[in-house]
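Going down the list, the sequences are from chains C and G.
Residue 11 in the working numbering sits at position 11 of the first sequence, and the numbers go up by one each step.
One gets the working numbering by counting positions in the second sequence from 1 and adding 1000 to each.
These aren't lab readings, by the way, just hints derived from the structure by calculation.
Hints are all accurate, no fakes.
The calculated BS3-like cross-link candidates involving lysine-lysine, where the alpha carbons are at most 25 Å apart (straight line), are:
#	chain 1	residue 1	chain 2	residue 2
1	G	K1187	C	K220
2	C	K96	C	K146
3	C	K220	C	K298
4	C	K245	G	K1187
So the chains spell out like this:
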Amino acid sequence: MIEILSSSALATVQDQGREGYLRYGVGTAGAMDRLALSVGNLLLGNPEDAAGIEIPMFPFRIRFLEDTAFAITGADCAARLGERSVLPWWTAQASKGDVLTIGVPASGTRCYLSLAGGVDVPVVLGSRSTQLRGQFGGYNGRQLQKGDVVQAVGLEQAAPLHELAREAGFGTVPPEFSIPRPLAVPEAEATETVVRVLPAAEYDCYQPESLAAFWSEGWKVTPQSDRYGYRLAGPTLSAVRVIEKRSHGIVPGVIQVPHNGQPIIQLRDAQPSGGYPKIGTVIEADLWRLAQARIGTKLRFVQTTYPEAVAALEDVERYLAKVRNLVDLFRGSRH
Amino acid sequence: MTCIIEHASIAYAGTAGQMRLDSERTAHAMKQDDSDPPLCISMLGTTAMLFEAPGALDLRAQRRIWTLAREVESWPGVREAVPGVTNLMLTFSTPPADPGLLDAALRDAWAAAGELQIEGKVVELPVEYGGEFGPHLHDVVAHTGLSVDEVVQLHCAPLYTVFALGSHPGYCYLGGMDPRIATPRRKVPVLGLPGGAVSIGGVQTGVSASTGPSGWNTIGHTSMSFFDPMRDNPATLAPGDMIRFRVERIVS
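Okay, chain G solo, but in the shape it has when bound (with noise of 0.2 Å):
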């Protein structure tokens, strides 16, 4: 086994007080490009609806997000409630035929909505850092000027909350990155990154569940399995989940 579950609630006391200093962060570092937004909700042609919530992108948005998600998925009309980074998507199974009342019915709920405390598991990942499979390492170290010790001391400190799934088969977005090692999306995109490439790309991290094209910074590699499409539920983790990254190795 290259990883370890266990199970945990996210309201313990010392992990709550560590993430919400993280997603103090984080939401710092965003105010620099997103400066707090306004609540909106759009169409995406006649296939769906994007609800984006206002605020900093924290904890506490997010877990009001997973509520809105919990709450809308039963609304007559809603294919699949699809939760992004502080934002839900609904896709429809038929168009409504007044999207204006969906979107008063929205903001009803998001008022109402509140924060939805998930019992997520644990899971440490072996990180081997920088060398074949972390090419661009370096490139980090270039961008913050820090030392590749210290890059890596503060990419695995955190414990990362899973805030949504997207990209690709099981990917997770990830909460509580330390932004002091946010760094800018490559200008080229990577072709053929093998799964489990950990990276950066801006104030987020995340790990690739299978081998295919990043504009992110990969600085690392870990094994695991995040998709079974022959399971029920086929992705190994859910937003609530949490990832801590242990290092197994530097490679510099």
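If we strip away everything but chain C, and leave its shape as in the complex, we get (with noise of 0.2 Å):
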């Protein structure tokens, strides 16, 4: 159990999404860097489907008010439990009366704040997710105020740690150190977020030096991005002609492009249907280096292929399974 400390955070309790109610209007929430909060569920021993809180606004404090294990994923923040430091990506315990402040990250935007057992909130149509829109989910169906006490699941029989990871507790690599960054052209430069882009239906229909542009420029993430979708500054994209689509399906990744030529990158929270032009999708397995892009910060567009994109997929569970792999050796779940 924890209470939230500060006011007017936007931190939302996020497990890894809505699915199959799409049909009914409702999109998917669920964490936008659903890689970081796989990892806190997986380091804490919780199942793959536990919610836990998504931070985008820091410092970010809670008080523990019972002795919890939890772990901070994500952004790399600088963290402290009272007066001691805190690592992200790695598990720690907390005694009733700790006060939790997590500090504003040195790189990233976001980060999860995972609890043992998983955050303890209704299953509203299948999720734990925070419907914004819809005012249901997470808690209370909205975003978590001060003076908020979130329940734990808790585990009733964690697995049994390895005595020194008792102690020191344990953590794993972040993903960006263990996922190859795509390869932009130009080299891109280090302050960018690169992420691979799957042209998507109305590709072909922008003048030519309009894509070159796409996937040549940076593009500016502005402060009018948040989990709706981040809207994007760059040179003006311009289509052969008007295109007026009607409304259909969309997901998390596409690239739209309204009239005034700006691309906007839909995200959890946006609606699930739309008409605007859509010029490509950012690919599944990229979402996650998308979701720690930071305003003012600029983006760069890899083209790849659907077989790439596949390809993509599999880098990244080859990546949780190393995780996995690691939690087994020091919970003692092989022996």
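Work from the hints to combine the two standalone chains into their complex.
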């Protein structure tokens, strides 16, 4: 059990998302960086579908109301439990009364606080994720506020930790150091986020020079970027003709181009249908990179193919398998 | 109760005739910007595939989309079949190894798909047009050159068919609006519109199910609960259901 001490922090309860209700107009919601949440759950021995708290604004403070194991994953945050430093991508143990302060990240933009067993909120339409537009799921269908008390499910039979691991905790390598960064041409700067894009239905409707700019230029993440979508700023993308589409389903990662020629990447809280032309889709395997792109930094798009996009998903799976193996070593489930 | 729900078949002779007319009008209006597109199948990354039916935006095409949705939702690797407006999105539980095979199977299924006759219910929604909750009624009047009364009469005359749900939980895309009241989407979306907003966006009309932003022109307001996440079937309306707007009041 924890108490939220920060006010208007825009933090929400999220799991891997709500699948199977798009035909009722219900978007998936879910963690922006699902990979970071997955690792948090793995480190703690939680079920894969356990919910955590997605934190996009810092500093973020909570008080533990009971002894609880936790982990912080995602953005590289300087966190302190009382006076002690807490490593990111590492397990830690809080005692009743401890205050956890998660500071402004050195890199990345969202972090995930996972609690032993996962955050205990009711499953609504198959998920614990917060559906902000529908005002359901998560913690009473809304963002967390100062004074909210959030329960953890707890783990009745936590796997026995290796003795050393119990004292010092254990952790893993963040995915950006394990999964190779896609290669942009011309070469991307270190501060740019590189993601792979599969062209979508209206790709061929853009002027050749617009398409060239799409792949070669940096696209600034504007302040009007959030869980709904990232509005980007860069060269104007001009279509060869005016495109009006009938409303159709879309998924997180779809890059739409409204009539002003400045692309918008639809993300986890986006409406699940739309009619703007689509120039491409950021592939599923790179959405975690996108989730950590900061406002004011630039994105770079790398053209990919469907087989490469599927292979990229396998790279992510291989990384998760390595983390799973590491956790098994410490938790001793193989013995 | 603010609405009357009665069960009816959309195969009623009078109703069907009216709807054919509505569909033709819609199709005519769409031709201005859509010019009967060809069949198109495209990928949305590795998450989904989009099938867009060829030809006019009409109820006949939509009924075939409903058939296609029922057919493909049980295909292996398909998580969900999501009808849009004369299109269908398939989301994957497992990305297909060869999307070309799925593409071909979709074309075959479309060629074989007949028109699904859904025994939909008819819902009557009382609407307060104009005033505080219909702030853009006058913009529609200005754009169309019609009077307030004419816009309202044309808007509440047809029996609208729910083509598909989307946009936000419980929201219905309606087919059958009279193209004479078609009004372009707003340049700047309006934030925080309350649920129940009756609005026009281009040649389409609809009712919002919850508070949120909208780029459409809000011409009125109705009170009805369209969505309850605690129900197994959370949406009040389904594709094939029909809506009739009844004028409760005009505030001009």
